[in-house]
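Student: Sequence:
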Amino acid sequence: MSTILRTVRNLWRVGFKEYGHQMQYIGDTKAGTLIATDRYGNKYYENLEEELPLRTRWVDYKQKEYDASQIDAGWHAWLAYMVDKPPTQDAIMQTGVRPWELPEHRVNMTLSRGAYRPYSTVRPKYSAWVPVAAPR
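Start counting the sequence shown at 1; every next residue gets the next number (UniProt numbering).
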């Protein structure tokens, strides 16, 4: 929950278009410095001066219907305050795309029609009860 003064100050800094975008997708107004953009097009911001502790880093997703799986592991660690340096400044994270990684993002299909469901060849242990009603 932001104060009116903070909201007006951030509106002045980011402009009306970005203000509407942030209220639609983040639910709050934030102004900070752009740290970097990842390979999926997500933008990562940081504001150490005016934000509350542990709310100083945030991500602006490229897609409107976003999923948490659209963030790389290094950026997730930076957003969760596990590391101090963003992946663009960390030497270990500069390796780029590893051989086992896919170059494009694959959407998490859990709880959708495209979710993985194993096929079972084992007979069920329990059978459904079918009530037999006597004719009247």
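Certain hints may be false.
Claimed, not checked - Straight-line Cα separation of at most 25 Å, DSS-like style, residue types lysine-lysine; simulated pairs:
id, residue 1, residue 2
1, Lys125, Lys62
2, Lys17, Lys62
3, Lys43, Lys17
4, Lys30, Lys62
5, Lys30, Lys64
6, Lys62, Lys85
To be verified - So the derived label-pair ranges between C-beta atoms look like this:
id, residue 1, residue 2, range
7, Trp12, Glu65, 26 to 32 Å
8, Pro53, Arg117, 41 to 47 Å
9, Met109, Thr3, 38 to 44 Å
For the record, the hints were derived by calculation from the structure and aren't laboratory data. Note that the coordinates shown come from a computational prediction; the quantities given were computed from them, not determined experimentally. Don't be surprised by glycine CBs; every beta carbon is placed ideally from N, CA and C.
Student: Hint by hint, say whether it matches the structure.
Tutor: A quick look at each hint next to the structure:
1. For the hint linking Lys125 to Lys62, the alpha-carbon distance of about 47 Å lies beyond 25 Å, and the restraint is violated.
2. Only pairs whose Cα atoms come within 25 Å are accepted, and Lys17 paired with Lys62 is accepted, the gap being roughly 15 Å.
3. For the hint pairing Lys43 with Lys17, the CA-to-CA distance comes to about 16 Å; that is within 25 Å, so the pair holds.
4. Taking the CA atoms of Lys30 and Lys62, the gap is near 17 Å; set against the 25 Å cutoff, the hint holds.
5. Only pairs whose Cα atoms come within 25 Å are accepted, and Lys30 paired with Lys64 is accepted, the gap being roughly 18 Å.
6. Among the hinted pairs, Lys62 with Lys85 is consistent with the structure: their alpha-carbon atoms are about 22 Å apart, no more than 25 Å.
7. With their beta carbons about 30 Å apart, Trp12 and Glu65 fall inside the hinted range of 26 to 32 Å.
8. In this structure the hint that Pro53 and Arg117 lie 41 to 47 Å apart at CB holds, the actual value being about 43 Å.
9. Judged by the Cβ atoms, the range 38 to 44 Å given for Met109 and Thr3 holds: they are separated by roughly 41 Å.
Violated hint: 1 only; the structure is consistent with all others.
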